[in-house]
Every structure is written in C-alpha cells, then in structure tokens.
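Participant: Each chain, letter by letter, is given below.
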Amino acid sequence: MSKWYENAECDTDVVIGGQLCLVRNVDGYPFEAKMSRQEQTELLDRVCQAVREEESRLGIYFELRGLSDIDNCYRSSLIGRLAIPPLMLGTSGSPGLLVTPDESVSILVNGTEHICIQVSSAGRHMKEIMELASRVDEAINMHLPYAFSRKYGYLTASPLYTGTGMSASYLLHLPNLERDQLAGKYARELAQFGFTLRGHFHGNGQAPADVYRLKNRKTLGLSEEETLSALEHLTGQLSQQEKRVWSDRSDDEKKTATDQMYRAYGLLKYARDLDFEETLEYLSYVRSGYQYHVWDSGCEPDIFAMMIAVQDAVMISGQADDDNDIQSGIRRASYIRSTLPGIEEV
Amino acid sequence: MIIIRETMTFPEVREVLCDRCHEKEAVVSIVEIIGGKEQTLNLCRECAAKTAGSGITIMQLPGSSFMSELLASVLGLSEDDQKEDSDSSENLKKNNVICPSCNMTYDEFLKYGTFGCPECYRTFNFLLDGYLKKIQGNNVHTGKHPLYSQETTVIPDIAADDSISDDEEAAAQESGQIGITVDRDSSVDELKAALRRAVAREEYEEAARIRDMIRSCKGDSSNV
Chain B
88 MSKWYENAEC
98 DTDVVIGGQL
108 CLVRNVDGYP
118 FEAKMSRQEQ
128 TELLDRVCQA
138 VREEESRLGI
148 YFELRGLSDI
158 DNCYRSSLIG
168 RLAIPPLMLG
178 TSGSPGLLVT
188 PDESVSILVN
198 GTEHICIQVS
208 SAGRHMKEIM
218 ELASRVDEAI
228 NMHLPYAFSR
238 KYGYLTASPL
248 YTGTGMSASY
258 LLHLPNLERD
268 QLAGKYAREL
278 AQFGFTLRGH
288 FHGNGQAPAD
298 VYRLKNRKTL
308 GLSEEETLSA
318 LEHLTGQLSQ
328 QEKRVWSDRS
338 DDEKKTATDQ
348 MYRAYGLLKY
358 ARDLDFEETL
368 EYLSYVRSGY
378 QYHVWDSGCE
388 PDIFAMMIAV
398 QDAVMISGQA
408 DDDNDIQSGI
418 RRASYIRSTL
428 PGIEEV
Chain U
300 MIIIRETMTF
310 PEVREVLCDR
320 CHEKEAVVSI
330 VEIIGGKEQT
340 LNLCRECAAK
350 TAGSGITIMQ
360 LPGSSFMSEL
370 LASVLGLSED
380 DQKEDSDSSE
390 NLKKNNVICP
400 SCNMTYDEFL
410 KYGTFGCPEC
420 YRTFNFLLDG
430 YLKKIQGNNV
440 HTGKHPLYSQ
450 ETTVIPDIAA
460 DDSISDDEEA
470 AAQESGQIGI
480 TVDRDSSVDE
490 LKAALRRAVA
500 REEYEEAARI
510 RDMIRSCKGD
520 SSNV
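Going line by line, the protein sequences match chains B and U.
When we follow my numbering, the leftmost residue of the first sequence carries the number 88, and every step to the right adds one.
When we follow my numbering, the leftmost residue of the second sequence carries the number 300, and every step to the right adds one.
Check the hints yourself; a few may be wrong.
To be verified - Pairs of lysine to aspartate or glutamate, DMTMM-like flavour, derived with a Cα cap of 25 Å:
#1 U:Lys443 <-> B:Glu312
#2 U:Lys443 <-> B:Asp114
#3 U:Lys491 <-> B:Asp114
#4 U:Lys443 <-> B:Glu225
#5 U:Lys433 <-> B:Glu276
#6 U:Lys433 <-> B:Glu313
#7 B:Lys121 <-> U:Asp511
#8 U:Lys432 <-> B:Glu313
#9 U:Lys443 <-> B:Glu319
#10 U:Lys443 <-> B:Glu141
#11 U:Lys443 <-> B:Glu142
#12 U:Lys432 <-> B:Glu312
#13 B:Lys121 <-> U:Glu418
#14 U:Lys443 <-> B:Glu218
#15 U:Lys432 <-> U:Glu418
#16 U:Lys432 <-> B:Glu276
#17 U:Lys443 <-> B:Glu313
If you're looking for bench data, these hints aren't it; they were derived computationally from the structure.
Model the full structure from these sequences, guided by the hints.
Facilitator: Encoded structure:
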C-alpha cells in the first residue's frame with residue numbers, strides 16, 4: 088500500500104505535509120525511566136486492547152509491530168519514513184508500534200513516553216489532522232486514564248511536553264529562502280513566537296534538500312487551538328515569502344535557476360552512483376521545477392517520496408536480501424533512474 | 300523537614316547576599332523546620348556545598364546528556380561551576396528531595412532530564428514551578444482536558460499562593476476563614492482552601508498534613 092507521503096499533494100506547493108503528535112501517559116504506571124519490563128508489557132497489552140476495541144468506531148485499522156527484537160536499521164527506517172518522531176523512541180525497553188498500512192496514523196507505546204499518537208497528512212490540513220488525532224486520543228482515553236493535573240495539564244516524563252503534550256509541525260520546501268540565506272534569519276524570528284524552523288534531513292549542510300520543519304516548541308500556557316492557529320499563520324507567512332522571493336527574481340536570475348533545475352534533472356537521470364546529500368540537492372531543484380511550472384509531467388511526480396526513499400536506512404530495509412552486495416550509491420542511482428518521471432517543457 | 304528553594308527562580312526577589320560569607324549572591328534558600336520553628340538560610344553555592352555535611356545538599360550534575368545540560372543551564376549551573384564543585388562532591392549527599400512514589404531524586408531528574416512518575420511533579424513542585432516557566436514560558440496549562448478521565452495528580456498552585464495579596468489575606472482573616480481548622484470530615488474544597496492558606500503562610504508542616512488529608516479523601520472517593 089502506498090504511504091501518506093507518496094501523494095501528489097506533497098509536491099504541489101511550498102508545504103509538503105503536516106504532522107501532529109500527542110504525548111500521553113497512563114495513570115497508575117511510572118514513567119519510562121522507572122518502569123519495569125513487566126509493566127511495559129502490560130501497558131502495551133492494555134493499549135493494544137483499547138485500540139482494537141475502538142478500531143471499528145474510529146474506522147482506522149492498525150498493524151502491531153513489536154520493536155524490541157527488531158534491529159536498529161528497521162527502527163531507523165521507520166523514523167526515516169516519518170512513522171515515528173525520532174526523539175520519542177527510547178534506547179531501552181520494549182516499545183511497540185501500532186500503525187496504519189499507509190503509516191499516516193501511528194501509536195508508539197513505551198517510547199520515551201507511554202503513548203505517542205502521531206497523525207500525518209500530505210499538504211496543508213492541520214485542522215483535519217488535529218481532529219483525527221483527538222479522536223484516537225479520546226478513544227484510548229475511554230479505556231485508560233491519562234496522568235493529568237489541572238495546573239500542569241498532561242503530565243509527561245520530559246518537561247518539554249508537559250501541558251498539551253502536543254507538537255505540531257509542517258514540512259516546508261524553502262529552496263529560495265535557503266539560497267538567499269533568509270531561512271536562518273527567519274528561524275531566529277520564529278523562535279520569538281515559540282516555534283523552531285530546522286532542517287528536516289540530517290547532513291552536513293544546514294538543511295539538505297532545503298526541506299525544513301516548522302514546529303511548536305512550547306506546550307504549556309497555550310491551548311492546542313492557539314498553537315495550531317499560530318502554526319498556520321506562520322506557515323502562511325513563510326510560504327508567501329518563499330514564493331515572493333521567486334517571483335521577485337529578475338528574468339536573468341530565473342534563467343540561471345531554470346538551467347540549474349534542468350542540470351539537476353539530467354544528473355539524476357543519468358548518474359550511476361549517487362551519494363545521499365547530492366541526491367537530495369538535485370531532487371530539491373527538480374521539485375522546484377514542478378512547483379514553479381518550469382516543466383510538467385504527465386504523471387504525479389512524488390519527489391518528496393523519493394527524498395524519503397533514498398535515505399540509507401529506508402533503502403536497506405526495503406531491499407531484497409540478495410541485493411546486499413550492491414553499493415548504496417549504485418542502488419540509489421538505479422532507484423532514481425527507474426522512478427524519476429519524464430518531463431515536458433512548459 | 301527541609302525545603303530547598305532556588306531563589307533565582309523568583310525574579311522578583313532582589314539579589315540576596317549569602318548568610319555565611321556575606322560576599323557572594325545567595326542562590327539557595329534553605330528553610331529548615333525544626334519542632335515547628337522555621338529557620339531560613341540564604342546561601343551561595345560554595346557555602347551551600349560546605350553545609351552539605353549537615354544533611355542539606357545541593358545537586359551535583361554528573362550526567363552529560365543534552366537535557367541535563369539544558370536543565371543545568373536553566374538552573375544557572377554551568378559546566379565550569381560543576382567542575383569547581385567536584386572536589387567537594389564526595390561530601391555531598393545527593394538525595395535531598397525524593398519522590399515517595401518512584402524514589403526518583405532531584406539529581407536523577409537533572410541527570411536524565413525526565414521525571415519518574417506523575418507524582419514527581421508534586422514532589423518537585425517547589426523547585427519546578429519556576430523552571431517550567433523558564434523552559435516553557437508559562438507554568439499553567441490552558442489547553443484540553445481528558446474527556447473520559449479525571450485529574451489524577453493534584454498540584455498545589457504555589458505561584459498563585461505567593462501572589463495572594465495582603466488585602467485578600469486581611470479579608471479572609473476578617474471573615475474568619477483562616478481561623479477554621481480542618482479535619483478529616485472537611486470537604487475537599489475546604490481542605491484545598493486550607494492548603495492554599497497554609498502554603499501562603501509558609502506553614503509547610505501544616506500544608507503537608509492537609510495535603511495528605513486531601514489525598515486520602517481522593518483515595519476514598521475513587522474507591523467508591
């Protein structure tokens with residue numbers, strides 16, 4: 088089944104997609120640091136049971152994946168595919184993951200917090216994401232009481248989530264702001280509103296593929312609605328700025344930029360050995376080509392899905408065993424050649 | 300009963316000099332209650348460390364995780380400070396405040412950057428309120444409440460209690476509220492009001508007694 092990020096809506100605008108996490112802890116159990124294996128197993132069973140009972144009412148069906156016995160590579164691939172927030176997966180314990188086949192809704196149990204509900208969607212639909220996350224949250228709450236105080240809100244192991252326990256983020260493709268070195272400046276300004284703007288992919292540069300994540304930093308003192316409203320507003324501003332920088336470019340500048348997009352496309356189309364960061368750099372140009380209508384293709388492009396797929400952990404977890412000997416650079420180039428859609432000049 | 304309060308978490312408090320050396324700024328305020336009498340001692344970090352031998356301790360930060368560094372910086376303890384203190388660290392007892400429910404110490408919280416259980420929020424409340432404000436910019440939740448479960452951990456609102464004005468106090472005294480003594484037959488609301496008054500008057504022994512009564516009341520009602 089195709090994943091939520093393999094959706095054309097991920098590549099049509101500045102906003103790639105949105106993700107929202109709700110962190111909850113179950114009353115009656117200590118937090119992860121003080122939990123025994125037995126308590127973790129019991130909690131996982133109880134959450135699974137609660138979710139199974141509510142599945143039909145929610146209309147969402149989950150697969151359970153135990154993560155304790157599975158190698159780190161599979162864990163990393165789940166993080167790479169955005170199915171688990173990276174900071175939520177602890178180093179010890181016996182975590183379990185309830186996840187829908189398209190990985191748009193996931194419930195991580197026994198991570199650094201008892202329960203982390205994550206909902207993801209392509210495009211800019213935070214309201215719908217929040218509604219769905221709340222429904223899952225309430226469905227679990229019908230069976231399990233949450234640790235909660237009127238004063239501090241939802242009580243979490245880390246004080247960074249105390250309060251709403253909510254972190255909401257949009258993934259944004261900001262190549263023009265990055266090239267004009269404006270992203271860092273905006274990041275500092277956004278910090279004043281309690282939001283962080285950081286590169287999503289890890290690499291040597293500040294933001295490989297010019298993909299940024301705009302996320303709320305504060306969970307105490309602001310309601311969920313206020314936080315989401317601020318996120319929408321700031322995302323709108325960033326998106327406008329990104330487009331304005333492009334439209335304000337002179338014809339010569341646009342010609343140069345267009346040439347770079349075609350070169351990047353050519354490199355991806357014919358290269359035989361690609362390393363991760365250069366692949367992301369070229370894919371960023373190619374995505375700009377679609378977004379600013381430099382070219383068109385008959386089919387849906389799925390460029391962001393390609394960015395996800397070329398990460399080492401995701402590539403290794405998806406390969407057949409007999410492919411082990413092939414170097415990752417060669418495999419990456421081969422994948423890109425077979426997946427990159429054809430283009431037609433507009 | 301010993302309560303250690305970081306004075307630097309209360310920005311409205313003016314710079315206080317150490318009661319021992321009278322030179323450096325006091326960063327810790329130690330309130331010791333012996334036989335109902337209260338003694339307050341404001342100490343700088345060095346003098347507080349020396350006082351550790353008498354059963355009062357200041358946290359050392361042995362961990363090096365990001366969260367611990369972050370918390371240490373919020374607390375105003377830089378790495379250099381920790382190194383300076385390391386000579387005397389052997390003399391320090393590290394368990395100044397311990398969560399009765401999960402046995403997590405404040406040192407452990409600083410080391411790992413996470414709490415051990417919901418009860419920790421209440422245990423470390425005296426120390427926590429100001430820090431949460433620094434980390435989060437606020438210390439009062441205004442968002443969603445669980446739809447299908449109740450409040451599980453009652454945390455007294457210290458910050459609000461500190462802000463009770465003299466007028467309100469006087470009015471309360473006039474109306475005779477403060478004279479009311481509470482016992483196990485009192486309602487939860489009465490107990491909560493009494494708890495607020497006790498904390499505002501810094502009568503922590505009384506506050507602890509009332510808190511336990513509230514807890515047992517809640518326990519009774521949840522068993523019904």
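Participant: Give a verdict on every hint.
Facilitator: Results for each hint:
1. U:Lys443 <-> B:Glu312: Given pair Lys443 of chain U, Glu312 of chain B holds - Cα atoms ~9 Å apart, limit 25 Å.
2. U:Lys443 <-> B:Asp114: Cα-Cα ~17 Å, so holds.
3. U:Lys491 <-> B:Asp114: holds (22 Å)
4. U:Lys443 <-> B:Glu225: Holds - the C-alpha atoms of Glu225 of chain B and Lys443 of chain U are around 11 Å apart, at most 25 Å.
5. U:Lys433 <-> B:Glu276: holds (19 Å)
6. U:Lys433 <-> B:Glu313: With a Cα-Cα distance of about 20 Å, the restraint between Lys433 of chain U and Glu313 of chain B holds, given a limit of 25 Å.
7. B:Lys121 <-> U:Asp511: holds (24 Å)
8. U:Lys432 <-> B:Glu313: holds (18 Å)
9. U:Lys443 <-> B:Glu319: holds (19 Å)
10. U:Lys443 <-> B:Glu141: holds (21 Å)
11. U:Lys443 <-> B:Glu142: The given pair, whose Cα atoms are some 23 Å apart, holds under the 25 Å limit.
12. U:Lys432 <-> B:Glu312: With Cα atoms ~20 Å apart, Lys432 of chain U and Glu312 of chain B stay inside 25 Å; holds.
13. B:Lys121 <-> U:Glu418: holds (12 Å)
14. U:Lys443 <-> B:Glu218: Measuring from Cα to Cα gives roughly 13 Å; hence the hint holds.
15. U:Lys432 <-> U:Glu418: OK: Lys432 of chain U and Glu418 of chain U at ~19 Å, within 25 Å.
16. U:Lys432 <-> B:Glu276: holds (21 Å)
17. U:Lys443 <-> B:Glu313: holds (11 Å)
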